[in-house]
Amino acid sequence: MILLYYAFHTTSLADATVVSFSCPVFTSLFACMFLKEKYSLWDVLFTAFAITGVILIVRPPFLFGSNTAEMTGSYSDQLKGTFASLGQAVCAALTFVILRKMGKSVDYFLTIWYYTVVGLLECVIILFALGMWKLPNCGMDTFFLLLLIGLFGLGGQVFLTKALQIEKAGLVALMKTMDVVFAFIAQIIFLHDIPTWWTVGGALCVVASSAGAAIRKWCQGSK
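Residue numbers for the sequence shown, in full-length UniProt numbering: 1 to 223.
Be careful, since some hints might not be right.
Unchecked claim - Cut-off 35 angstroms, straight-line C-alpha distance, at most; resulting in silico cross-link-like pairs (DSBU-like, lysine-lysine):
1. Lys80 x Lys162
2. Lys134 x Lys36
3. Lys134 x Lys101
What the hints assert, rightly or not - Pairwise CB distance ranges (calculated):
4. Lys38 x Cys138: 45 to 51 angstroms
5. Gln220 x Ile188: 32 to 38 angstroms
6. Tyr39 x Leu148: 37 to 43 angstroms
7. Val44 x Gly131: 43 to 49 angstroms
8. Gly103 x Lys38: 17 to 23 angstroms
9. Phe190 x Glu167: 28 to 34 angstroms
10. Trp42 x Ser74: 35 to 41 angstroms
11. Leu127 x Lys38: 39 to 45 angstroms
By construction, these hints were calculated from the structure, which means they are not laboratory data.
For each residue, glycine too, the CB sits at the ideal point set by N, CA and C.
Work the whole structure out from these sequences, hints included.
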């Protein structure tokens, strides 16, 4: 979550959300490595779609020309946000594999408890390392928004963990692709930021990759 929040600060909401949804690609790869699940040609195809989507969003100058990077504002910030989103996707994929490995043997509230404790420790360590251990003077409005971030973030993690325990991972991943749709809607309504056609094209590639991987896993589990 730290990486994802950093990505939200350095790139657009839609871009960060879309890139983070390359998670199912990494999930298939890690499931093959650690859970001994099969990694087929379909998975290779879905990986190629996800990489294409990320490239459309990042738009590296050596492929699209230097003018493209200048049009998007600070290209270095966009690049940092993209790599942060990819890092979040890798971490989320590892989390999915671990949760699937544990199954129902561990209560999902216990998993959330450790998630919260470890997250708190990570934040404390990072704040001390950066020398930023102080409360921001942000006012009550911003404090209320920060409180909502915590509540919604925790609620989302609780529902996701419970869903992974009681339903097939493929169906859960498929439903989670709706995050991209909600991110686009929220960016337009609340931030008044219209996503570029490059972002839309990249989103279609990444969502197609994620949905394809999820549907394939779901069909395999139904046999």
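Comparing the hints with the structure gives:
A distance of roughly 32 angstroms separates the Cα atoms of Lys80 and Lys162; the hinted pair therefore holds under the 35 angstroms criterion. Of the pairs offered as hints, the one joining Lys134 and Lys36 is violated, with about 46 angstroms between alpha carbons and a cut-off of 35 angstroms exceeded. Taken as a hint, the Lys134 and Lys101 pair is broken in the structure, with Cα atoms around 39 angstroms apart against an allowance of 35 angstroms. Distance hint check: the CB atoms of Lys38 and Cys138 are about 50 angstroms apart, consistent with the given range 45 to 51 angstroms.
The hinted range of 32 to 38 angstroms is satisfied by Gln220 and Ile188, whose Cβ atoms lie roughly 36 angstroms apart. Distance hint check: the CB atoms of Tyr39 and Leu148 are about 40 angstroms apart, consistent with the given range 37 to 43 angstroms. The hint said 43 to 49 angstroms for the Cβ distance between Val44 and Gly131, and at roughly 45 angstroms that hint holds. One distance hint, 17 to 23 angstroms for the beta-carbon pair Gly103 and Lys38, holds here, with the actual separation near 20 angstroms.
Against the hinted window of 28 to 34 angstroms, the Cβ-Cβ separation of Phe190 and Glu167 comes to about 30 angstroms, which satisfies the hint. At about 37 angstroms, the CB distance of Trp42 to Ser74 agrees with the hint of 35 to 41 angstroms. At about 43 angstroms, the beta-carbon gap between Leu127 and Lys38 stays in the expected band of 39 to 45 angstroms.
Hint violations for this structure: numbers 2 and 3, all remaining hints satisfied.
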